[in-house]
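In the order they appear, the protein sequences are chains E and G.
Residues 0 to 359 (numbering that gives the first Met the number 0) are what the first sequence spells out, left to right.
Residues 0 to 253 (numbering that gives the first Met the number 0) are what the second sequence spells out, left to right.
Keep in mind that a hint or two might mislead.
[Claimed, not checked] The calculated BS3-like cross-link candidates involving lysine-lysine, where the alpha carbons are at most 25 Å apart (straight line), are:
(1) E:K46 <-> G:K195
(2) G:K227 <-> E:K212
(3) E:K208 <-> G:K15
[Stated by the list, open to error] If you anchor each label on the Cβ, the simulated ranges turn out as follows:
(4) G:N23 <-> E:G49: 35 to 43 Å
(5) G:D22 <-> E:E320: 47 to 55 Å
(6) E:E193 <-> G:K227: 17 to 25 Å
(7) E:N242 <-> G:K195: 56 to 64 Å
(8) E:L113 <-> G:G148: 35 to 43 Å
(9) G:K227 <-> E:G49: 49 to 57 Å
(10) G:G178 <-> E:K184: 36 to 44 Å
(11) E:D209 <-> G:R194: 52 to 60 Å
(12) E:D157 <-> G:D24: 37 to 45 Å
(13) E:D157 <-> G:D48: 56 to 64 Å
(14) E:E193 <-> G:S252: 37 to 45 Å
These are calculated hints, taken from the structure and not from any lab test.
Glycine included, every Cβ here is placed at the ideal spot set by N, Cα and C.
So you can see what is in the structure, the chains are spelled out below.
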Amino acid sequence: MRELKLMKGNEAIAEAAIRAGVDGYFGYPITPQSEVMETLMAEQPWKTTGMVVLQAESEIASINMVYGGAGCGKRVMTSSSSPGMSLMQEGITYLAGAELPCVVVNVVRGGPGLGTIQPAQSDYFQTVKGGGHGDYKLITLAPASVQEMADFVEDAFDLAFKYRNPVMILSDGVIGQMMEKVELKEFKPRWTMEHIEENYPWATTGKKKDRAKNIITSVQLEASVQEAFNHKLQAKYKAVEENEVLFEEVMCDDAEYLIVAYGSSARICQKSVEIAREKGIKVGMLRPITLYPFPTQPIQKYAEKVKGMLSVEMSAGQMVEDVRLAVNGKVPVEHFGRFGGSVHSPGEVVEALEQKLIGG
Amino acid sequence: MSEINSIIKPENLIYKRTEVLSDNDLSYCPGCGHGTVHKLIAEVIEEMDIQDTTIGIAPVGCSVLAYNFLEIDWQQAAHGRAPALATAVKRLMPEKNVFSYQGDGDLAAIGTAETIHACNRGENIVMIFINNGIYGMTGGQMAPTTLPGMAASTCPAGRDVSHDGEPIKISEILAQLPGTCYVTRQSVHTAANVRKTKKALRKAFENQQANKGTSLVEVVSNCNSGWKMTPIKANEWMEENMFPYYPLGDIKSE
Numbered sequence: 000m001r002e003l004k005l006m007k008g009n010e011a012i013a014e015a016a017i018r019a020g021v022d023g024y025f026g027y028p029i030t031p032q033s034e035v036m037e038t039l040m041a042e043q044p045w046k047t048t049g050m051v052v053l054q055a056e057s058e059i060a061s062i063n064m065v066y067g068g069a070g071c072g073k074r075v076m077t078s079s080s081s082p083g084m085s086l087m088q089e090g091i092t093y094l095a096g097a098e099l100p101c102v103v104v105n106v107v108r109g110g111p112g113l114g115t116i117q118p119a120q121s122d123y124f125q126t127v128k129g130g131g132h133g134d135y136k137l138i139t140l141a142p143a144s145v146q147e148m149a150d151f152v153e154d155a156f157d158l159a160f161k162y163r164n165p166v167m168i169l170s171d172g173v174i175g176q177m178m179e180k181v182e183l184k185e186f187k188p189r190w191t192m193e194h195i196e197e198n199y200p201w202a203t204t205g206k207k208k209d210r211a212k213n214i215i216t217s218v219q220l221e222a223s224v225q226e227a228f229n230h231k232l233q234a235k236y237k238a239v240e241e242n243e244v245l246f247e248e249v250m251c252d253d254a255e256y257l258i259v260a261y262g263s264s265a266r267i268c269q270k271s272v273e274i275a276r277e278k279g280i281k282v283g284m285l286r287p288i289t290l291y292p293f294p295t296q297p298i299q300k301y302a303e304k305v306k307g308m309l310s311v312e313m314s315a316g317q318m319v320e321d322v323r324l325a326v327n328g329k330v331p332v333e334h335f336g337r338f339g340g341s342v343h344s345p346g347e348v349v350e351a352l353e354q355k356l357i358g359g
Numbered sequence: 000m001s002e003i004n005s006i007i008k009p010e011n012l013i014y015k016r017t018e019v020l021s022d023n024d025l026s027y028c029p030g031c032g033h034g035t036v037h038k039l040i041a042e043v044i045e046e047m048d049i050q051d052t053t054i055g056i057a058p059v060g061c062s063v064l065a066y067n068f069l070e071i072d073w074q075q076a077a078h079g080r081a082p083a084l085a086t087a088v089k090r091l092m093p094e095k096n097v098f099s100y101q102g103d104g105d106l107a108a109i110g111t112a113e114t115i116h117a118c119n120r121g122e123n124i125v126m127i128f129i130n131n132g133i134y135g136m137t138g139g140q141m142a143p144t145t146l147p148g149m150a151a152s153t154c155p156a157g158r159d160v161s162h163d164g165e166p167i168k169i170s171e172i173l174a175q176l177p178g179t180c181y182v183t184r185q186s187v188h189t190a191a192n193v194r195k196t197k198k199a200l201r202k203a204f205e206n207q208q209a210n211k212g213t214s215l216v217e218v219v220s221n222c223n224s225g226w227k228m229t230p231i232k233a234n235e236w237m238e239e240n241m242f243p244y245y246p247l248g249d250i251k252s253e
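With the rest of the complex left out, here is chain E (with noise of 0.2 Å):
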């Protein structure tokens, strides 16, 4: 039955991972995402939903346990924080090259190197430009509450699956750490082995006489196979970016400026565009709610309408490329926020704003 609770962000993906029918999490403990893991070691849903959960000797593991769960058609998936998603580029790579669909959450913590356990932004470049080798692209959903963090979940296995693709919930130590209420979905069973194989018949369940043996490998050591691969993947993403973009737009309608902002920092700005627009500033937001597929053309629509744009992002400037791409000089665009762990409030928000867009 659906449920009503107050949870954390961290606690949220554990409670939905389990009502979803997870099949395996395996991860490495990590601040400030453990919660998850201990979240699902608390709740011990193997003996009730019979999901596995095991805590791997690295992220080097956990993220190669879940290419091999993957590579059975179960739906699995791991958890870890920036230094530890540094670890599982290898594996993501791997996964995105072996076409397996997985669930990866990374709680981002302020970098570079071990950096600092408070919240950040600056994941960003890592997560939808690559992070690891060779061309792919990893579905990435941004949850801007704990209701978002318990809501992905499901729809990031839908997309995984849809697309055979790995997707990352881009998250940050605000959401995976604040509580607030949260609806919690009904338990779904796990898929069944005979709806594993009937739906994903590339999956290793052990070669039936009837059909030739599945192979999982990113390795095509013809470069003429592997660029004809590629050009499969290629047509895979564009197919993404056609039909997955998520966004959200508050107060745009009149608006003469444009916060673009994702994630915590949405909410924030959130409040900004309340301040602003009390101070007489027509600002409005658009908070991307996938960061790849990135809202280009929404954004791009608003550069015919609006007189600037402001990047706000836990970082020092890197959504903002995107934005100025979509953007393509037509109008200004900057970046402000704060990063290594620094938050920043609504009020220096708008007054970046005020200086950065309106001067003076």
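Starting from the known structure of chain E, fit chain G onto it as the hints suggest.
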């Protein structure tokens, strides 16, 4: 000729290639042990009637394309990560038979953590470990198991233990862990050794079916092209140099 044809009858058949082995040409050098071990795994799978329930995990190295040679479902792992894949496959499908197939660089260097922790958890899997003391696929570089004084392209004057450390006896290390139930070291360079290796493989798969924990079958093998010897000379060199350092036989059997 007619006399020969008269004896080609099913009742006279004493050897048949297992159908678990594919028709593909092996990508290994002539004289290499991989092909023999592949055949033995295929025979064990056929004899145990587990072709439809066995999932193999291929490594990075010469046997990266092992999936071309055995007619079972396969996953190909990143370098060293096969035990992590095998862990998840077995945990999510405990009723299946799961094995990893790895070389010395894969299992005992880059994948040391995955190897040790899979064994320490006692994952109910079979790990097949081909130890030829060299990186074959990348062209003969020093491996964690390269013998002292043995030349490789990254130690052309021979492995200097004061610089590179001693070769690692990973099987002895893994035998220390409570999670392993069976650790054995075999070879496939003579008919008698081939038979022993097949028995060891069979035992390892039977251990898995009996939920006994991790079984590790190390096969000391040659890399005649990497060692820059003829296959016959490589086997002789292996007997004289590899076996004293890596003695054959069971290290642990519970």
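**Report entry** CB-CB spacing for G49 (chain E) and N23 (chain G) relative to the 35 to 43 Å hint
**Finding:** holds, 38 Å
Query raised in the report: Taking only the CA atoms, is the gap from K46 (chain E) to K195 (chain G) under or equal to 25 Å?
Result: violated, 41 Å
Query raised in the report: Between E193 (chain E) and K227 (chain G), does the beta-carbon spacing fit 17 to 25 Å?
Result: violated, 53 Å
Query raised in the report: Given a hinted range of 56 to 64 Å, is it respected by the beta-carbon distance of N242 (chain E) and K195 (chain G)?
Result: For K195 (chain G) against N242 (chain E), whose Cβ atoms are near 58 Å apart, the range 56 to 64 Å holds.
Report task. Given the hint of 56 to 64 Å, check if D157 (chain E) and D48 (chain G) actually sit that far apart at their C-beta atoms. Result -> violated, 38 Å
Query - Range hint 37 to 45 Å (beta carbons of D157 (chain E) and D24 (chain G)) holds or violated - result: holds, 42 Å
Query raised in the report: Is it true that the C-beta distance of D209 (chain E) to R194 (chain G) lies inside 52 to 60 Å, as the hint says?
Result: 34 Å Cβ-Cβ, so the 52 to 60 Å window is violated.
Query raised in the report: Would you say the C-beta atoms of G178 (chain G) and K184 (chain E) sit inside 36 to 44 Å of each other?
Result: holds, 38 Å
Requested in this report: Kindly confirm whether 37 to 45 Å is satisfied by the beta carbon distance between E193 (chain E) and S252 (chain G).
Outcome: holds, 39 Å
**Report entry** C-beta pair K227 (chain G), G49 (chain E): status relative to the range 49 to 57 Å that was hinted
**Finding:** Since the Cβ atoms of K227 (chain G) and G49 (chain E) sit about 53 Å apart, the hinted range of 49 to 57 Å holds.
Query - D22 (chain G) paired with E320 (chain E), Cβ distance criterion 47 to 55 Å - result: holds, 52 Å
Requested in this report: Measure nothing beyond the straight line between the CA atoms of K227 (chain G) and K212 (chain E); if it is 25 Å or shorter, mark the hint as holding.
Outcome: With Cα atoms ~36 Å apart, K227 (chain G) and K212 (chain E) exceed 25 Å; violated.
The structure does not agree with the numbered hints 1, 2, 6, 11, 13 stated previously, though it agrees with the rest.
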